[in-house]
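Undergrad: Respectively, the protein sequence lines represent chains B, A, D and U.
At position 227 of the first sequence the residue is numbered 238 (this note's numbering), and the sequence of numbers has no breaks.
At position 41 of the second sequence the residue is numbered 52 (this note's numbering), and the sequence of numbers has no breaks.
At position 70 of the third sequence the residue is numbered 81 (this note's numbering), and the sequence of numbers has no breaks.
At position 273 of the fourth sequence the residue is numbered 284 (this note's numbering), and the sequence of numbers has no breaks.
Treat the hints as calculated values from the structure; they're not laboratory data.
Hints are supplied without guarantee of correctness; some may be wrong.
Claimed, not checked - With a straight-line Cα cutoff of 35 angstroms, these simulated DSBU-like cross-link-like pairs (lysine-lysine) come out: (1) D:K45 to B:K114; (2) U:K114 to U:K45; (3) B:K45 to B:K114; (4) A:K114 to U:K114; (5) A:K45 to A:K114.
Stated by the list, open to error - Facing chain D, from chain B, some residues (calculated, C-beta under 10 angstroms): (6) A265; (7) S271; (8) A276.
For each residue, glycine too, the CB sits at the ideal point set by N, CA and C.
Protein chains: 4
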Amino acid sequence: MNVSYIGLGAMGYPMAGHIARHFSTGVWNRTAAKADAHAAEHGSRVLGSVREAAEADLLITCLPTSLEVEALLPEVLSGARAGLIWMDCTSGDPVASQRIAAKLAEHGVRFLDAPLSGGTAGAQAGRMSVMVGGSEELLAQVRPVLQTCASTIVRVGDVGAGHAVKAINNMLLAVNLWAAGEGLAALAATGGIDLRAALEVINASSGRSNVTENLIPQRVLTREFPATFALGLLAKDAGIALDLSRAAGCASPAFALIESLYRAAKREVGAEVDHTAVVRYIERLAGTEVRA
Amino acid sequence: MNVSYIGLGAMGYPMAGHIARHFSTGVWNRTAAKADAHAAEHGSRVLGSVREAAEADLLITCLPTSLEVEALLPEVLSGARAGLIWMDCTSGDPVASQRIAAKLAEHGVRFLDAPLSGGTAGAQAGRMSVMVGGSEELLAQVRPVLQTCASTIVRVGDVGAGHAVKAINNMLLAVNLWAAGEGLAALAATGGIDLRAALEVINASSGRSNVTENLIPQRVLTREFPATFALGLLAKDAGIALDLSRAAGCASPAFALIESLYRAAKREVGAEVDHTAVVRYIERLAGTEVRA
Amino acid sequence: MNVSYIGLGAMGYPMAGHIARHFSTGVWNRTAAKADAHAAEHGSRVLGSVREAAEADLLITCLPTSLEVEALLPEVLSGARAGLIWMDCTSGDPVASQRIAAKLAEHGVRFLDAPLSGGTAGAQAGRMSVMVGGSEELLAQVRPVLQTCASTIVRVGDVGAGHAVKAINNMLLAVNLWAAGEGLAALAATGGIDLRAALEVINASSGRSNVTENLIPQRVLTREFPATFALGLLAKDAGIALDLSRAAGCASPAFALIESLYRAAKREVGAEVDHTAVVRYIERLAGTEVRA
Amino acid sequence: MNVSYIGLGAMGYPMAGHIARHFSTGVWNRTAAKADAHAAEHGSRVLGSVREAAEADLLITCLPTSLEVEALLPEVLSGARAGLIWMDCTSGDPVASQRIAAKLAEHGVRFLDAPLSGGTAGAQAGRMSVMVGGSEELLAQVRPVLQTCASTIVRVGDVGAGHAVKAINNMLLAVNLWAAGEGLAALAATGGIDLRAALEVINASSGRSNVTENLIPQRVLTREFPATFALGLLAKDAGIALDLSRAAGCASPAFALIESLYRAAKREVGAEVDHTAVVRYIERLAGTEVRA
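Construct the entire structure; sequences and hints are all you get.
TA: Take a look at the structure:
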């Protein structure tokens, strides 16, 4: 299977590297220098255009939002032959994915959404989780490619379902992170409480989460906030989750509030900082600092 | 060390059982039949009154709220000798605990708050987590007793700190549970998404928490909602956490919203049901049902 | 000026009646019996189709949502001559209106949005408020028609601006109504407070609003909740306001929360009841009843 | 009737002036210079102490919060004779007022809470609104005094009811103001909308309130934010309203959210600025400015 990979960002670059070790892989990136570096490091081929990328058996995209994915459509269709499979690993919008899939189907191109979780560490280690929206049969075809870079591959439904589950996963991350921030800020502002000890016991108790077990001790208490997943992108995903919930007719007051708070946080502490730096904003609301 | 245990509820009954295997233990319960059963099952002694309970070296209480704890004060003081240690394992109110400790100190009685986490399963297995507020020296004295029933014992600060951390832990539980409920409801209402698969992949991703890993698959997707920790008590703990945050001068919009939603949920689905049954209320807001 | 009026609902029926007294007016309604009644009562002409309606100088629409307006486009375009003015009095969606206007402009048809406020009482009395989005020149042409039924006619911007301001107005109504409900419920649940007296003094104080001055005493304290403006439509308008705010990049936590609460209320107390019946839902959250 | 007035702030100073024109009035203020100025301007007598103030027939207090009122208790009781009436015009806490009244009753002193609305303009014009908590008979005795400075005097219930209604009134002000801020910010951020025209038509429509009719045009659109009623005090009143609602067992999500947002706003734009300057905070959340 011949693979093209578009989007060599923090997740895409290492993922394409794992794939290139097992499949003939061409890469394309808006900033061409990254593609050159990838070819040098991972033995992939640099592709000349999106159109050329579309000539593969499998086209993989991993871009900031569905807007950038949808913008590729005309050029992909100009190069694609019937039978092309397009797997989008962007943390995208389920509605956009369904629209893209419908348009592609008219040209005999099949689409699945396969967003990634696991962070840059998981991507580098080849141990990502992938939530797949698309037919079982299509997943069977791309599974060997995914197996080069992922340890958990789960089909959650038809096209769009992967993006839906990813958006909800990231909204849960956003909510859990915000709540942990408010909680630690309240303990810090109360005074006389050992935050590391508090976190240790919470992590042995019912309130624990990936946020309290990993993000807070590694990124917040260290005050390092290493920028691997941008606050602006998490805010965008929270927006997709809220849209999904509203489109399904749900009343979801917590999602609605949290989405607006991340909008505010993004504005105040910046879209480019690590998502855990939302705690800096929570600290301002609380008038304190979360330090161990 | 001679121990008295007051409050043989879902957590207290098994905890006192573990202690009785290693220490001479008297038990007292408002409903006396439970004390009789405990003595028969665990070899503890049935105490005749709170006053008699206060004559031990260590008095342990585990009651629904700090109100019930504070109500014991006069009778405890009537029976206590100077040197008594009172360890309160209730999920209590830090402000009440500081008030109780100050009053007891006037009579030479020392107090620590040591709320429990781990659920009834943890209590039965003797593998609870305990968050302790009180002096290191006092904790050193009671640690052998706690070691009979807990696998994690952490001092988080002075009197009240244990209750503060417990309240925040339970608020995180409340928020994470609510968010998971909204998320699964949105996926269910969207349709075409396999909720068990979605949960599996979330549990391999950044949005995972104790809620998604344990509570949702074991209690919600099974539709069993086994009543081990009452919704009304979780709502009460959320209120303590909000009070704590406000008293410390923090603005905590998420805690404020979630506390009010649990109040509403308690009213609509009942205070006595399991806390996970809050999902039934979230389903009403969403107009759907979370079934696998 | 020859006028066609489509949509003889609670606002449209009386509005078209005022217009018919001064202009030659044809009417069309999905339920034809209403058009017949209007012709009999107000001397308007019954039109045979939307296409026929489009042959007038001025086409006025007043429908539940922009969806119904947009659905008329093909038939209107099939009948319209260049020069037609289409004034949409629906409480519509600014984005839809801009899309409609752009499509119409290709065919030489000009569009303005002119949503109405004042309720059915204002419509019957010919004393509505109209917030107009569209060019000054176009408003000048339709002003004589609006003057037959409105006492306040204000141009707030270009196409879509009328709908934007209407959505914000209705969101303010939604928020103010919800807040008044929570406030009166808190006073009722506290007990010993004379709600009519409280309302009287609030209406002489800084917390007063159209809600406390008119809606609460006339519709809520009487427990009549007369159905003139449906809860479902107010919830829809709140959604438009939230969309507007989010599309403009704003973080608006209060709008976000209130929109979700109206979704929940609509589900629980019904979309067809009067919007003031949202207080019935607030009473459930509060566990009390707002009675004088 | 001999009157003592304690607390010559923005409301108290002019109120005591009106009273002094009709009753023998002594004044006391922590900053004595204000009392001297009042005596010079309004012909009142300067009192030497709180104890001396307590020797009158009627003691009136008008202080920032109930904390300052409660702190006067020992000194008032040291000077008061049985039969003294104490009328507290502070925007106080109903629970504190009931506690004060109970303590005073033991000494034959009667208490009523009579918070004021109308702003400094209303206080200067002698046209305030007063919401009274206390017996009808007691109100009858003080009514002649209130009539010198108020145009609306309403008994809303027993002791504490005045403060309860005032807190709710001010919470409605807080909510309506926040909502108007979010609404105007959304329109401003959308662009192309004439905010003065929008406000004009909203004020002829269902979304109007004291906020949109008076505060926004006079204080916000002018960008003057004249400091007559401090943001910190409105935040405090919102807290009292939330406490009242929670103590009565209500779930009040909107109050809960708004209270936390005012806490945050107070921290960011200052407690001393005019309450309408909360719009400066809303503008930051929205990334825009509300200018006409």
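Undergrad: Of the numbered hints stated previously, which ones are contradicted by the structure, given in increasing order?
TA: Structure breaks hint 1 only.
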